[in-house]
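Just so you know, the protein sequences line up as chains F and S, in that order. Quick note on numbering: the numbering used here labels position 8 of the first sequence as 8, and the sequence is numbered without any gaps. Going from the second sequence to the numbering used here is simple: count from 1 and add 341.
Fair warning: there could be bad hints in the mix.
Cβ pair distances, simulated, as ranges [claimed, not checked]:
no., chain 1, residue 1, chain 2, residue 2, range
1, S, 536, F, 93, 51 to 61 Å
2, S, 599, F, 170, 12 to 22 Å
3, S, 675, F, 75, 55 to 65 Å
4, F, 309, S, 505, 44 to 54 Å
5, F, 165, S, 675, 28 to 38 Å
Don't read these hints as lab results, they were simulated from the structure. These numbers come from a predicted model, not from an experiment. Quick reminder that beta carbons are idealized off the backbone N, C-alpha and C, glycines included.
Single-letter residue listing:
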Amino acid sequence: MSASSKLIERGERSERVERILTVENLKTYFRTPEGLVKAVDEVSFHLDRGEVLALVGESGCGKSVTALSILGLVKSPPALVEGSIEFRGTQLIGLGPKEYREIRGRQISMIFQEPMSAFDPLYTVGYQLMEVARAHMPWDDAEAKARIIDTLRAIHIPDPEKRYSEYPHEMSGGMLQRIMIAMALITSPEIIIADEPTTALDVTIQAQVLNLMQELQRDYHGSMIFITHDLGTVAEVADRVHVMYAGKIVEKAPVVELFEDPLHPYTLGLLTSRVKREYKGESLPFIEGNVPRADELPEGCRFHPRCPRAMDKCRTLEPPEFSPRPNRGVACWLWEEGDGR
Amino acid sequence: MAGLAVLTVLYLVMILADFIAPYNFTATHRNFIYAPPTKIRFFDEDGRWRGPFVYPLTRSRDPVTFQLVFTEDRSRIVPVKLFVPGEEYKLMGLFKTNLHLFGVEESPDTAMVLPFGADRFGRCVFSRVLVGSQVSLTVGLLGTFLSVFIGAIVGALSGYYGGWVDIGIQRFTELLRSFPRIPLWLALAVIVPPSWPSTWVYFGIVTVLSLIGWMGVARVVRGMVLSLREKEFVLAAQVMGVPSMKIITKHLIPNTLSYLIVVSTLSIPGMILGESTISFLGLGIKEPMTSWGLLLKQAQSLSELQSHPWLMVPGLFIIVAVLSFNFVGDALRDAVDPYRTVEKV
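Go ahead and model the full structure; you've got the sequences and the hints to work with.
As structure tokens, this is what we get:
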């Protein structure tokens, strides 16, 4: 199913949009001996029920830190987390550890990049699924086990009773990743944060896992924040895309529009540096330079040293978010007045 | 392997000490003061097989040196038998019996079987070594268990929470580590009041030993936890809302278990030696309870050693036990070492 048809379908299904998560001006700064590191800087976005939001960006641009900030797992004494994270009417910033534990795993759960290291090698996967289930759900052991096995079956794991009592090292990465998805699902959370869930997998397994996640997302109708650096997977799963660069969101767009009409020069750069058939025999286009280190951010727009269209203004002033089209947002001075083409 | 076998034997003997010992370890026998180890013979004067037996001893003083000398009275033999009735005791503190594994069916006034001789009260050194092992061998186990327990928890807390907790705990352990060991032992051992009954003193000594022994474990566990907590499964557990204490006890400490087992085995000898040291210096286990260190105390002076060398026997036991634990510990360490190259035969 293409992303656009999915969008239309969703529009028909839910007339009333329920906003489930609102992040406003989120700042996550780390105090280090070298100075303040602005890992996430004034990031704002929202997530509606049943929606898949993709956070896209290169390594080190603050995607994962954003996710951990939502979960309150950024170690707070060395880090400053400011702004507002509102989850179904509850302000998450400053929430007590006990209340936060009620939300973590129960209402917001997470799928990790490395399935092999996300399980404790000492316990069976069943035990670890049970640990999550028992921490949050009012089930006794027998019921929890039955539910876990049902969930495993729902994600097409063959012979779930046998898998239940196996250790992580007895399984393949793809299998473990699916079990991790089961772990995230077992408490039927409102939001699943998937942090590059397919990066560590083989391409064939990637497709399987992506299909599975799409299927589950359809069936469970939960919301998902999908973190990735792979634009290909974005096109497959996401409804909306936010492109991050050096701790900031530089562009917000519905998925189809992003691919057809990228507004920010960085997004354009990302899209043109994908492998395409037309480039056969030539070297791939790429964006000059590297993502700046979070403790050595340039003044003004953070992208300007690498931007082919940088202006004087870009070197001194940070661009705010402009909205040149409905449902679009772009943090670039080119779009200050009308068209930035 | 040999180490393990020796240890098994030592601990079995320890459990059955009262039964194997031919005499009560506190019983004094004034006719056998400083008696040398009795020779157990099988053939009599005429070379006839008589089964195991001993000759009764008669005591006299050397008219020149004025030392006690024991001469064998060869006129009659006293057979050594298995399962002879002797003094009453409770086997493992449960079954009342008077059977001993071996001994002579004769009053200790006239004949005794003393494999390691007797001390200055005429007490059987063999029996005392066996009973002493109950203290010496369990002090090692208990003390190590306690110190590894403390060390693992302190180290895991320090490594998991990091920051100020970590700095505080680490400076504190460094402070404790920088005290010289033996004076600290002695200082702590002095706190144990002399009026305490001997079982209390025993636990006092265990506490003293483990209070000083946990720092090394804490340091290494902290280091391991520092690396473990960055593993994704810890983050995953946090994300899934597992409480911190449960993460520490269920995921972090069990993942350091292979190290803990090795370090325990390797630190038992230190504990045994520590107890021996304290007791040897007279601040540990007190009479009438006994331990290998306390037994060695009698062998303190050179003249004593010269005339009664069998009083050194407890020292041999300490050496054997310590070496065995070291061998087993080394073997365990090699077994859990992932970098060990496997030799294919």
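### Query
Can you name, in rising order, the numbers of the hints this structure does not satisfy?
Of the numbered hints given earlier, the structure breaks just one, which is hint 3.
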